[in-house]
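Got chain G; can you put chain C on it based on the hints?
Protein chains: 2
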Amino acid sequence: MNSPIRIGIVGYGNLGRGVETAIGLNPDMHLVGVFSRRDPGTVATAHKSTSVFSMSALYEDRDDIDVLVLCGGSRDDLPRQSPEFAARFSLVDSYDNHSHIPAHFDAVDAAASKAGTTAIISVGWDPGLFSLNRLFGEAILPEGSSYTFWGKGLSQGHSDALRRVPGVAGGVQYTLPSDEAIARVRAGDHPELSTRERHTRECYVVLAEGADPEAVRAEIVNMPDYFEPYDTTVHYISAEELARDHGGMPHGGFVIRSGNTSAGATQVIEYQLALDSNPEFTASVLVAYARAAARMSRSGDHGAKTPFDVAPGLLSPRTAAQLRAELL
Amino acid sequence: MNSPIRIGIVGYGNLGRGVETAIGLNPDMHLVGVFSRRDPGTVATAHKSTSVFSMSALYEDRDDIDVLVLCGGSRDDLPRQSPEFAARFSLVDSYDNHSHIPAHFDAVDAAASKAGTTAIISVGWDPGLFSLNRLFGEAILPEGSSYTFWGKGLSQGHSDALRRVPGVAGGVQYTLPSDEAIARVRAGDHPELSTRERHTRECYVVLAEGADPEAVRAEIVNMPDYFEPYDTTVHYISAEELARDHGGMPHGGFVIRSGNTSAGATQVIEYQLALDSNPEFTASVLVAYARAAARMSRSGDHGAKTPFDVAPGLLSPRTAAQLRAELL
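Residue numbers (my numbering), protein chains in the order written: chain G, 1 to 328; chain C, 329 to 656.
Hints listed in this document are in silico derivations from the structure and should not be mistaken for laboratory results.
From the three backbone atoms N, C-alpha and C, an ideal C-beta is built for every residue, glycine too.
Any given hint might turn out to be false.
Covered stretches of chain G, going by a simulated chain C footprint (3 or more residues, C-beta under 8 angstroms) [claimed, not checked]:
id : segment
1  : 130-138
2  : 164-178
3  : 309-321
So here's chain G without its partners, still in its complex pose (with noise of 0.2 angstroms):
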């Protein structure tokens, strides 16, 4: 065996937490230490063994770490924080502002190809395992349409816009994908779906003492972007049951593609996601692709990639020819 790839985790949140306890799981893999902003004896770790080492660590001159996966968020952290660190690392990142990708892969790719590092971003299941679905679909079925369908899952973005309501609490949010679209779908119809037959939203929410239930119903469902596009509802819970029943992050949803290739023959292709912890899964994803990463900064193929960009192959720990004769 190989020496193993040794990784180095940039911010310690769910994400980063995940990652940590996927790096376990790889005996392939070694866990260097993660990177706060944060005092490194305030940051509590999942296992009690792994170091940590505030950010400056990361500017020393250190010959230690094969790859790092940034767990930042994609507003804020990973726009300066990509390009910085592919000047001196090769990385992976889970970059998911759909629209900004070309302009953040333009500056990692800068800092990546400069440096002679491998840096591939956006990696996940959406951008990511999803993006790949969407690609595969319509290169092998080009006559055809491509859906997809998120949830059912917590999504992190609304539950924010609906905990900023006046007269809110607390409260989290799930995004539903449709039965009834999902069923048309797979029976080959390519149907024309509005946002709002798409996606149903469901919010569970704890009231503020002495708050106007009605009230706050009409300013969440009425919410511009957020709620009014879709048909969501409103349950109102008490603190107890948000915190029993809705502290897990389970996600998913699907990708499918439908076509046909001639007259009489539809051909369907779904691909689907049912996650108990997204945090944990997307981890996974971000480790996987940090294997490739190691790799192909090994053999020379530098710069920003996405994973449109990553041979199949270079996500296993197997060798090609144990792939050859144990998978294909």
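Just chain C now, with coordinates in the frame of chain G:
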């Protein structure tokens, strides 16, 4: 737009016909013609405009073909043709004899590496897309179980076996996945499933005149390897019903990976194909990989490859920048 990718089809059965049709759906491709062992005058192509040549025309000195799509069988044709043609052309094949893939790869690799061509073998859906999903599943969720189910689909090999039974005048066999087994896998149960628990087999048989239905049924359901390990149902139908209701070649199936990222978190990845026409779908996959073969050949990435070695972006007619902006 670049000049079109020039394709030659080798062998013209159901698969070759599917490739001919699929090329018509891909504006960046141009069909040079079909190369057949039969007298070209006797080959009736799907499109009148398709040129048909004798196989010997491939041995002339020619530079008008970028990629050959080999559409012969895995038992008799591809073990000979793929290495032979890889010495002169880049190509894709659908070699599907899982246990002999390593030997086939080595033979093709020797020829392609020496000649400086790119030959992608074992392209299709199993091996092919299902293999990719087995790989992604275990790379992302190292602690878990993988399951492949086939069907509902027409099995060519089992239909052939059926038709060799004395007293059978005609017939087809469908493989069906067990709904119960799939439900258990989706629930994250990690069941150990016997052959009998995974699939059932359904035969539609036309009896020869004077044949004893009970004797024929017993002969079929007790056939070692083919039917004995399964719960097999035999339906007797008329020759008219066979022709009317069983002329299609539907197939499909599931690859499901169920794994845990931590004690409480079960994650399920599911890939599903529902195909009205197995040969047309396999042909569509071959054509997308022919695009990748042309590009890898141009960029100097020579030798034998499998779908594990092909970066997904190479399958799409869109540029890398378009893919990032539009599909990621």
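Okay, the hints, checked on the actual structure:
no. : hint    : in the structure
1   : 130-138 : holds (count 6)
2   : 164-178 : violated (count 0)
3   : 309-321 : holds (count 10)
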